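**Q** If you want the building blocks of each chain, they are given just below.
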Amino acid sequence: MAATSVSVEADDAQGLVASAYGHLPHGRFLLLGVADRTAARGWLRDLAASVTTAAGRVEGQAVNVALTPSGLEKLGAPPAALAGFSREFQDGMTEPSRGRTLGDSADSAPQYWAWGSPDSAQIDLVLLLYASTPARLDQTLERHGDLRGTGLRVVHRLEARRDDREHFGFHDGISQPAVAGLSKAGPARDTVKAGEFLLGYENEYGQFTARPLLDPALDPGRLLPLDVQGSGRHDLGRNGTYLVLRQLAQDVSRFWSHLEQASGNGHGDATALAARMVGRWPNGAPLVLSPERDDPALTTANDFTYHEPDELGLRCPIGAHVRRSHPRDSLDPRPGSDTSISIDKRHRLLRRGRLYGPRLDRTAALARGANNADHEERGLHFMGLCASLSRQFEFIQHTWVMSPKFDGLYEDADPLMGPPGRTFTIQSKPTRRRVKDLPAFVHTRGGAYFFLPGIRALRWLGSLP
Amino acid sequence: MTEQRAVTIVADVKPRRGASLTRLLTKMGEDAAGNEVLPLGELASAHFARLIILDAAKDLDGNPLPAHLIYMSDIDGSLENHLEELVDLAPTGLDQVFSHCQGYPEAGARTHMTRTAFLTDHTVNAGATYVNTVGRTLRQVRDEARLREAIQTFLDSGDFEGVEPEAVRAAIRRFVQAREDLRWATEPPPAPGPAQRAATILGALGLPLELAALAPVLLPVLPVWALLLRLHEARDSSPTIEPTDAHDRALAAIEDFTAQNPFSALGPRKPGLVRLLTASGVLRLVDYGARYIFNNGSLTGVKTIHFARWVFLDDRRRMIFASSYDGSLESYMDDFINQVWWGLNAVFSNGVGFPKTSWLVLGGSQHEQEFKDFLRRHEVLTQVWYSAYSDLTALNIDNNAQIRAGLSSPMSRAETEAWLQRL
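Here the protein sequences line up with chains E and D, keeping their order. Each residue of the first sequence is one higher than the last, beginning at 587 in the numbering used here. Each residue of the second sequence is one higher than the last, beginning at 1248 in the numbering used here.
Excised from the complex, chain D in its bound form (with noise of 0.2 Å):
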């Protein structure tokens, strides 16, 4: 089984290069799978991908940030071979967009080994991801979906008008199993294996372990962090504002071009060292959650998000959140709103400005109107963005899949009922 991975890389874009290189990333975003720089469809490891550029910024205290050019994608398997694919696939286009940093190979010192070297020394781990469902490929959901269309456009050619279920099901085997192209899905996808497991249930028992014999400390300074928050809580300011036409207009002209769309929100980190540790400890809750609890289709109740991630950027003065996600941003915040409202509450909290929280979980998100004015006034242009399968919501990829392993396991009468609905 292969496992996904959250690719980050950050640069600093030279000074006076911010204008080229939005100009060459917004011609790149026009079409993100073909464009000729960077042409990301042709990556086979890459569920997802995005560009965007951070304008220069000025910290809390006043201090600049540079800008920033940030590439993430969501793989299938290694980081190295995810590097060592788009650093063959496009290694001119790589210079045309990377040329804009600072630490990029100077044009006579460009071959495929520094050019690696650059990308790997400015990727940067996440805090936190999520994975709609762990083990999954792209390969299995583009395969899986041809899968189901050469199954509809078998039944839709046939009658099956009082024909009993096992014996349509059986139709629908034997279709499949004649097609060359199609017989692989008579076989279940990967499990994992012997060691893979051991790996999985090892990881699941490193946080449990790791609080338990942190107990002795955490458990007498627990009540004094959450005092402390609540203190941080009384105090800190949550405006209204609204986020500025010009802004929601450029955003909105990005959008709702598919079944997806991207969501990247850039902020500060409320300053001081208990809202440092709220963050990294909430993350590493929300990482190991997204890991070993919700890695099968649904984010407590939240069926609509292929990939997320959080990511600190600035010595962990900022955060930057970016996911794809199923629908309209609409209907995307009030998915949160009414189903993630503590988790979001948790994380998001520690951000500067975010609608009032009380112990860390309550009230926030709950602020309808304050919260979806923050989202989206946090919300970054997402200059290029690529998905490998954008007219799949994720609730059509898992119902692939069901079907795919329907073909193989053996059913009930109810199961076969069931599984004859899914098509």
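Here chain E stands alone, though its shape is the one from the complex (with noise of 0.2 Å):
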């Protein structure tokens, strides 16, 4: 495959498209209202200049702002530019049968948010701050944070530290698509059209996604780019893309505590059991490849399939959330053949996830127990990258993670993420062992869709008339 046929013009894309910004480690979420929406537009109009772009090594402090529905219809973008956005976005997170997609039940339904919620203070926009240090985060928030006079009001503020571990202590992170004309080449089976993560680029179908292009009557200024289809439109999506936010509580004193009683029951240890559930073992090793042990060799090792030298799931299991939430080869049509991994690769991310709340480790958290609630919150400010939000992370979260069906089993949803009572199903010889009545152990506290520009798309939002 050609994979680097199509450049993205990576200088009007925001940087988070090109990377975590894992070497900014400090982080600051605000989500933003929009009270005066002329001072707004100034606002944004001046962040545009400064907003970090994916052209070139970002040093000291990132950027980046992307803006919710409600957002682009305060700051003035017409019903006509709206409307060119996809069902999903306009509708929100937080539309009703869109609870059943995404598994936001129970104790995570929207109405027990601490931001986004229908009833809540409406979220217009987030500004996305990245550091180096905790002194270069000060100063960013001295220069970016402070939003008096700018017509914009800080409705919720999210830490967002980067740690390569996530908070049960999983190596996190490590499988990103390579997205074709942007990053540096990754194998062929784990390259992906830019049209998959950017808007205005051909997609893994050879096709362009559904994005606002404008009657040129509503760029005056000519601030962005034509359709490159030619239509002679003026595409407000081009080097743009939807940006899922959510924050993820994860109950880790009830994780740990629990794990150890079902492991009490022939579940092996604890670890054991967790690195079943993930997929891979703490230090990062796939048990696709090492099914006994953390083998240190392979913390980062991510060029595998599961077919070939695993169908049945006796390495890793069926269930795991790696595996199900990135089946590579495993599911029809075809497993194993480039035909399944040419469809896995319709349903991809781009992760950009961070951490929120202190660190408590596994002794400190079996010694809480699973009944001494843990009243202080951690978990994560998960973040999605991807150009159809019905068709990646939508398709990705109801179809494959939330699913008890996924694969062929029958009531496992995934047992890091899924509602009480689920089961696990361990595949072994000569027969499967079941964790049965798993409780939840991470519960949605937030989220939004989010519409993250170009940056000439944020110029031209930030002059509008």
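FYI, nobody ran anything at the bench for these hints, they're computed from the structure. Small disclaimer: the values here were computed from a predicted structure and weren't measured. Be aware that a few hints might be false.
Heads up, simulated BS3-like pairs for lysine-lysine below, C-alpha to C-alpha not over 30 Å straight-line [stated by the list, open to error]:
{"no.": "1", "chain 1": "D", "residue 1": "1261", "chain 2": "D", "residue 2": "1274"}
{"no.": "2", "chain 1": "D", "residue 1": "1550", "chain 2": "D", "residue 2": "1603"}
{"no.": "3", "chain 1": "E", "residue 1": "931", "chain 2": "D", "residue 2": "1603"}
{"no.": "4", "chain 1": "E", "residue 1": "1022", "chain 2": "D", "residue 2": "1550"}
{"no.": "5", "chain 1": "D", "residue 1": "1305", "chain 2": "D", "residue 2": "1550"}
{"no.": "6", "chain 1": "E", "residue 1": "1015", "chain 2": "D", "residue 2": "1550"}
{"no.": "7", "chain 1": "D", "residue 1": "1261", "chain 2": "D", "residue 2": "1305"}
{"no.": "8", "chain 1": "E", "residue 1": "931", "chain 2": "E", "residue 2": "770"}
{"no.": "9", "chain 1": "D", "residue 1": "1305", "chain 2": "D", "residue 2": "1274"}
{"no.": "10", "chain 1": "D", "residue 1": "1550", "chain 2": "E", "residue 2": "931"}
Not close to chain D: a few residues of chain E, all C-beta gaps over 12 Å, as computed [as the list claims (entries may be wrong)]:
{"no.": "11", "residue": "633"}
{"no.": "12", "residue": "656"}
{"no.": "13", "residue": "722"}
{"no.": "14", "residue": "736"}
{"no.": "15", "residue": "757"}
{"no.": "16", "residue": "796"}
{"no.": "17", "residue": "814"}
For each residue, glycine too, the CB sits at the ideal point set by N, CA and C.
Hints are included, so try docking the two chains, each in its own frame, into the full complex.
**A** Here you go:
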């Protein structure tokens, strides 16, 4: 496959598309509401000049910004522009039927969220700030976080720490697709066309995902790029993408207490059980390559498949988190084939998540016990970037991660993320073992769909009449 | 072996009774299995059933089409038996529903016989029918699910670590044998008898023989047909129209409550003789393929469809497609695009507004977004949808059947090991 046939206009895409800013471990996300549209537009216009792009090396700090539909509307984007965005984006993460798609029910229902629910203050924008050191973050916050006189107010602040290990103690964020024409080259089976992660480029169907294309009259200053498909319309979507942001609280004490107890019932030790649920060992070694131990040589191993080495799930259980959120070559049609992989490529995400809340290691977690409710909140600010919310994020969440029926299973929603009462089946010889009635370890505490525009689109938004 | 059948009853809704019927069906739809009007869950013969109201409309020439009430079910056994069961189950419920329709017996004239006669008279044949696994009855699906549950509980209660696979299987067999309510499972399900096998073979020969006999006529005509079709394709318009917000939300509001979903879609056929012949011919091929080739768990690789049917309505001017499938609409449509694109194109490209095809099978559904919009736009609300096993996917059902089959058949060690992995 000619992976780099089209090069991406990296200087017009925000930096988050190209990088998780791993070298900028300190961060803060400011969820903003628009109070005065004229002032807010001025702020955005100025900000556009300092927004970090996907071109070149980012030093010291990074600034990115994304908008919800209400944000676009309040800045004055005309209805014709809004209508060009996908329905999932327009309806938002809390639209009632979406709760079933995403698994946001019971304790995870939007009514209990800390932010983003229909009953709480409307989120119009998110300002994403990243820095190399705490001092640098303070500087960044001083420069960008003081919003007096900008027509914006801070609705909610999120801590956003970068760490290789998520709160359950597992090396996270190892598997990321390489974006053709943008990322450094990856293996062909992990290289995905730019149009899956940026609007205005060819996607894995060889087509262009729907995006807002504007009548030239709506862009009198000719700030936006022309539609590369030649319609003569101006492309508000080009070099932009959708950003999924979800605050996922992790109940670390319940997790380890429950696993300790479950592993007492003949499921090996708790770490081994947790590793089977994750599909990788704490240091990152994939179970499919190293089913018995956390091999230090494999901590970042990612160029592997499932079907040939482990069709039955005897090494890495079928229901393991990493296997179901990125099944590689496991699924129909023709598991093990290039066709299977080419279809997997239509359901990928760029993950950009960050941690929040204090660490709680396993010993401390066990000391608290499952019922000694852990009142501190900690978890993951899940962030995913994709060009199609329905075909990528929502599909992965609904058809794979939260589905009890994934790949022939019966009642096994994701062992980490699923609702209470689910089963975790560990395929084994001579026959399977089952861990029944898992409680919920993860709760949704907030979330929204954003549009992460290209730089020219930001300027257009800042210049709206 | 009992065969499955698609029942479709189409009745015209009386003028000005549509709103009342919609209210009634909406209420029934809240509990399709247990509602007081027509408790579909009590039918022993129905795997799936649905009731749909199609609003009054106009055909492509502007002629009015009356509103229709459509009842569909996927059943075991004969139509007569199913209608008997339906009428016996809820005579007054049927009255409540079908008295909204033209031609239903008047209040004084409603008897078992007149009700049954009405339903029989309004039954129409499907142009094509798909059954996931021909011969698997509702009873079998439910019994085998219960069997698997029991075996799983049995395995949970024991420790089989290090036990030889044959010994594990033997223990499972002993457990099943000892349970009076499960002992049936040690026998394989009924296979088709000699008469049935002969009928299947004859049926399988029917279409090929017919085509062979007609070959002298068909062969010279085919190139002409192909060229005419290509001309039509070049001319046909394929507008890009998104479904409206209200339509989309109404459909989303009834989706994704269980492991399965219903899909019902209605559209006008493209006008003209070429399209009529193409649509009719393709449906015959689909019906044949579904019955004699894709009759065991997979429709050209798609393993998530339980039942499906295509039915012409209004003198073949419109067609309705109805299916019961596993997972979300998004995954269903992706399966279509990825695995049965050619078959879909051949059938649905005869519908007005389908994304542009060439030579019947190319293009079309490969235009991902246009195709998804087309399907969603033509989808109609399934007011009442009933599944007799909404927590089971087709893959689950098939696996359950393999578990049962493995109790009786002789097995090598490798087969025993593989069978144990089904649990």
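**Q** Starting from the hint list further up, note which numbers the structure goes against and sort them upward.
**A** 5, 16
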